Every structure is written in structure tokens, then in C-alpha cells.
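Trainee: Listed below, chain by chain, are the residues.
There are 2 protein chains.
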Amino acid sequence: MSYRRTIKIVCGFAGGSAVLVVAAAAAEYQGCFGHTRAARWSLFNVLQAAQPAGNRTVESTGNAWDFNWDKRDPSALLTNGKKKEVVSEDPSSEQDNGKPKATRNILLIRHSQYNLGGNGDHERILTPLGREQAEFTGQRLAALGLKYDIMVHSTMARATETANIISKYLPGVELVSCDLLREGAPIQPVPPVTHWKPDAVQYHEDGARIEAAFRRYIHRADPKQEEDSYEIIVCHANVIRYFVCRALQFPPEGWLRIGLNNGSITWLTVRPSGRVALRTLGDSGFMPPDKLTRT
Amino acid sequence: MSYRRTIKIVCGFAGGSAVLVVAAAAAEYQGCFGHTRAARWSLFNVLQAAQPAGNRTVESTGNAWDFNWDKRDPSALLTNGKKKEVVSEDPSSEQDNGKPKATRNILLIRHSQYNLGGNGDHERILTPLGREQAEFTGQRLAALGLKYDIMVHSTMARATETANIISKYLPGVELVSCDLLREGAPIQPVPPVTHWKPDAVQYHEDGARIEAAFRRYIHRADPKQEEDSYEIIVCHANVIRYFVCRALQFPPEGWLRIGLNNGSITWLTVRPSGRVALRTLGDSGFMPPDKLTRT
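From first to last, the protein sequence lines are chains G and X.
Quick note on numbering: the first sequence equals residues 2 to 296 in my numbering.
Quick note on numbering: the second sequence equals residues 2 to 296 in my numbering.
By construction, these hints were calculated from the structure, which means they are not laboratory data.
Among the hints, a few may not be true.
Copies of the same chain are indistinguishable here, so a pair counts whether it falls within one copy or spans any two.
No more than 27 Å apart at the CA atoms, straight line, and that leaves these computed lysine-lysine pairs for DSSO-like [what the hints assert, rightly or not]:
{"no.": "1", "residue 1": "Lys198", "residue 2": "Lys100"}
{"no.": "2", "residue 1": "Lys72", "residue 2": "Lys102"}
{"no.": "3", "residue 1": "Lys292", "residue 2": "Lys169"}
{"no.": "4", "residue 1": "Lys198", "residue 2": "Lys102"}
Please read these numbers as outputs of a predicted model, since none were measured by experiment.
Generate the whole structure from the sequences, applying the supplied hints.
Mentor: Shown next as C-alpha cells:
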């Protein structure tokens, strides 16, 4: 818990703030997106690679598995102007300092039910049922008894409200907000649907932003992280579904083949080797059936 | 419930029996695998297509979506010696008789905890905790209040026992067993793992069998099915994970990127159009945290 907290860097965004939990990249950052040349270069890279839907192919690896998917594989690590890390096969070796050793657990929570008819985000607040759902989610997360390191939430009203309610059940867990996690259109879904047709400009902007969120939050542990970590991210259905496809190296265009109940828990683990496992998706069994919604 | 039941065909297997719920193919079958020429031809096709790992590529569609994945797309239906179905765009048209109109819900349950040290399947029975987990699963399925049509279970001891306990909570729901659903090695996982190395012959036999199980149970509704259906399948982690990848048209080699708790619920829906959605994967939130296991 303490390690992660010490390396966090608060980034200013319009309407919110974000915590950078990318431990491995911390040394190169002095601020968020723009204070140093390295940071500007990183942002450029993120946005270059996060091309809008249609002409982006870098994320799908077909039937293969890219062990360096998060660019943190020590055996492939060649940073600008730095020597390649020497990695030993002997786990007790001092040379293993450059190798991740902890597992990151990332619990993705979909916000609970909200007022769909609200005029703008600030009016789209939780319904009474939505507030009740968030209580159930908070109780379940507390009952799981994990040593949560941090809870990050999207700056949208429904995610903020959900996170605040959950937070009551997790005293001492730091709560921070992040604009990158806001809802959006990550990539054109395949197969396409007729009832939801975002404009091209939405995919253009949201696609790069949500890909940037993926790269910030979903990656293996930094070599300096000693203990397994448990992080909660409260955000949105499209963001979570896209994260899951990307993390498992399944075609990201398939995100709309997945559905998620409000207040549900989706659990990803990232091993030191870069292996990723989906432990549960949309778990909402802790809610009575008459409290389940998907809107 | 009644429609599906009327078209079922009981198939004899060594050590168990199976119910064929493939309504669309029922007319071609007079028994299971071999009683008629059509049936023999179908078996040949299943086994031909279900090649062992390594040289099987038909199942992965990359970023595309194959609407005729289950060979039941009316617009593509060209049966042997039969005329192509004429499909109208007008949903009220009489010509729409050939079009599916119901949604199939398939709830895949992983058996609960069992005695891993048992000598052979018959000794690998549920632990006391496993029996307790199955009670939780049965209670949850009952609480969901769905009109279950049938419960099919693998003939292995742990799946049979789990299904029998669940069955107490679902009076009137027919319980049948099927050998195709037994645990096995569906396809070589990518990335490979070191702790689990089945012999090539296991993939060779299990791969074809589990693919045959997928084709039998996971498909869109028959055009004659009037109402949405809810079917429970109690089987095994590898089988469920393979089914999920195949149903979502994600690379089946990715099945080991998914984990499943004992007694958990994984819910697939197949729409009349052939669209598939994963509504939850490994939902076990209905169990107290101290009852959760993954072995």
C-alpha cells in the first residue's frame, strides 16, 4: 500500500484529478503529460498508438500472446539511451532486481443504476436503487477482506457517487478521481449494432483516451513493488469491457459481446511475468436478484 | 420447456447418457451417432472440423464476426438436397417461419470443490465444503426465478453430485447427463503453462469431444422455439472456458486466461440473430467469501 502511494503523481485535469499508478514509468515523469521531455514523448506515444477505430491493429494478437504487451517485460526492456536490463534465471540473484515479483489485482466496478434521463452528467446521478446497489458492492468488497491499496474512480457523477458509497465500507483506502476513466466509445464494435451509433469523432477522441486509461492502469507490477496489490477502479461498462478484451489480448472490437450488471465486480490479475487472468466478470451474485439491473 | 423436451433424443454412451438438445438438427437424427446415414455424416463433420490443437484454425475469426457460426443462419442455410430458405425482411411475414425468434440463455455451472486426491473419478467426490457450495449455487439459481427448461450435467462424479444438490432447489426441472461434457484438454493454451502438460493424445481426443459438446449445446434457437429458454449445464472449468471463447468468437487458445470459482455461474445468451453475449463469468458473489475456492 505504502509503496504505490509514495510513487503516485497527481495530475490536474479539467473537472478532476488523477493518480498515476504506473510505477514503472514514475522515474520518467515529473508531472502529468508535459512537464518534462520524457513525459511529452510518452504522451505522444500513447496517442500515436491509440489510433481511432478502423485503422488500429496493434492491439489484437490473434492466437498469439505478446509477453511484452505492457512494455514492462524485463527481457525486452530497452529504454531510450539506457542499457538493456540483464535478467538472470536464478530468482535469488541480485540481478533480479529488475524483475517484477508481485501480482497486481485490479477490481473493476461498474457504477450502479443512475438517472438516464438527466440533463447532462451532473444530473445523471444514482437512483435510490443505484445507491442501494453501491451499498451491496461496498459490503462485498469489505467482506472479501483484501488489502486494498487505492480506489480510483471516473470523474462522472454516477461513478463518483458509487465510489463515495463504497468508500464508507473501506475506511483508510485512498480515494482519487481520474478523467481518463470517463465513459465513452472505445472502438467500433464488431459485430456492429443498430441501436447505438456514436459519431466518428467520438471514437476518435474516446478511443485514444480509453486506450490511454488502459495503459495507465492495466500492467504488471513495477520491480520495486514488494507485495501483491489490490486496486479498485470504479468506472463504466464500455471502459471495463474494453479493458478486459485488451488485457486478455482478445480482439478489442469484441467488447460489446460482454454485458455487465450495475455495481458488479470484474477482477483481473496481472502476474509478474505479464500473464493476465480474468477471475470473474460482472460478479453481482452478492445482490438480491430483484436488485439486479443493467441500465 | 415442453418444446425442447419433445425433441430430445436420448443417446447411449459408456457410463452415462446424453440428451440431444440441438432442436434444429433433430429431424436428421434417429438416434445418437450412427443410426442413420445423416447421423453418421453429421458425426463425421463434427469430428473433421474439430481438429486437435495446432492445426485447427476454423474457430478463430480474428476481429470479424461470423453470423453463421452455428450453421443456423437462415439466410445462409443450404441443406443437402434442400432448397435455400426464403427469408423475408418483414417480421410478420409467414415466410419468417424459418427464422429463429427466441433467445437461448445458457447458464454454465462449474462443479463445486472435490477430493483432488481421489483414485479415479468415482473417488473424486465433493468435499463437505463442495457440497455446501452446491447448496449456495442451487439457492441462487432458484432465487433468480428463471423458467429453467433442463439441467444437463457431465457424467463425472463431481459434476453429477453438484447437479443433484442443485436439483433439490429446482423441482420439476429435468436432469440429464452427457458424456461430451466431461473434463479434458480442449486445445493447447496460448500462452503455454509449465504446470499442466497434457499429452498430445489428450488434446487429440478431448479437443474433438469438447468441440462436439460446444456445437451440441451452444447455438441459436430453433425457428420452432416460441419462448426464450433457460438451460443449466453443470460441467467443468476447461469446458466452460473453452465454450466462452468459442461462443464469443475469441481465440479458443485463450481459454486458460480465464479462471472460475467452484460452483460459479457463467451466463451466455444467444439471440435469434446469432449474436452472443456473456452476461457474467464465474459469478460466485452469492457465496460467503470464506466459502470461495478455485481448486
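Trainee: A separate judgement is required for each hint: does it hold in the structure or not?
Mentor: Against the structure, the hints come out as follows:
1. For a Cα distance limit of 27 Å, the shortest separation of Lys198 from Lys100 across copies, 26 Å, qualifies, whereas the shortest one inside one copy, 44 Å, does not.
2. Taking the shortest Cα distances, Lys72 and Lys102 sit within 27 Å of each other inside one copy (16 Å), while across copies they are farther apart (47 Å).
3. Both within a single protomer and between protomers do Lys292 and Lys169 lie at most 27 Å apart by alpha-carbon distance, with minima of 20 Å and 25 Å respectively.
4. Taking CA atoms no more than 27 Å apart as the test, Lys198 paired with Lys102 passes between copies only; the shortest distance there is 24 Å, against 43 Å inside one copy.
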